[in-house]
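Novice: Generate the whole structure from the sequences, applying the supplied hints.
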Amino acid sequence: AQTVTQSQPEMSVQEAETVTLSCTYDTSESDYYLFWYKQPPSRQMILVIRQEAYKQQNATENRFSVNFQKAAKSFSLKISDSQLGDAAMYFCAQNTGNQFYFGTGTSLTVIP
Amino acid sequence: DAGVIQSPRHEVTEMGQEVTLRCKPISGHNSLFWYRQTMMRGLELLIYFNNNVPIDDSGMPEDRFSAKMPNASFSTLKIQPSEPRDSAVYFCASSLEGRRFQPQHFGDGTRLSIL
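Heads up: the sequence lines are chains D and U, in that order. All the letters of the first sequence, read from the start, carry residue numbers 4 to 115 under my numbering. All the letters of the second sequence, read from the start, carry residue numbers 5 to 119 under my numbering.
In case anyone wonders, no lab produced these hints; they're calculated from the structure. Incorrect hints may appear among the rest.
As the list claims (entries may be wrong) - Okay, the calculated beta carbon distance ranges per label pair:
id	chain 1	residue 1	chain 2	residue 2	range
1	D	K81	U	S70	41 to 51 Å
2	U	S70	D	Q60	36 to 46 Å
3	U	G20	D	T21	47 to 57 Å
For glycine and all other residues, C-beta sits at the position ideal for the given N, C-alpha and C.
Specialist: Structure below.
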């Protein structure tokens with residue numbers, strides 16, 4: 004069975020600092036995608052970044068980057084220069100075929 | 005380019021009433037997903053459609069829940085009769101299957117409260 008685990012229910016970071024959110028997953032597939040979604044209080048689900056499993060290079064989107072360790076089945080999200088607007092729930096997700104599997108989320112607080 | 009559109013945004017109704025949630029996917033997308041989000045259980049996939057056909061409804065909690073997709077631009081999720089434990093945020097998402105591993109695009113959700 005596919006599972007996605009986010010072991011940090013809550014995290015906090017000082018504004019302008021860097022924070023890393025953890026995600027591990029379990030799959031027997033060799034070909035898949037990984038995603039991080041952000042859900043602010045407005046409850047909209049916003050795609051932050053995605054990583055293709057067959058690419059070794061870590062994806063980067065402005066202040067957001069991932070550390071993808073395929074052998075360890077780990078996919079962490081690093082947010083640099085944290086801003087107040089980054090405060091949200093963050094979900095890790097794995098996609099195989101047309102099936103999506105979501106983690107339980109990490110609530111990120113940004114301290115001014 | 006309009007995103008996924010869900011209605012209503014909020015719904016408050018009494019136990020036993022029928023509830024219908026609506027979703028319009030992004031034009032051109034051929035896969036549609038219904039999710040339920042609660043504090044206790046997180047984000048759960050209820051059902052997904054591909055080309056208007058239900059592919060996997062194993063997440064539908066029980067017979068009180070039903071979903072339809074009569075055409076490529078509209079889907080409904082119906083709960084009849086509703087119960088307080090159905091209170092949650094219900095999301096609809098769409099994607100374009102066929103293009104490799106496309107992300108899902110979510111609507112703003114419907115917050116459902118059953119009294």
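Novice: Which numbered hints does this structure break?
Specialist: none
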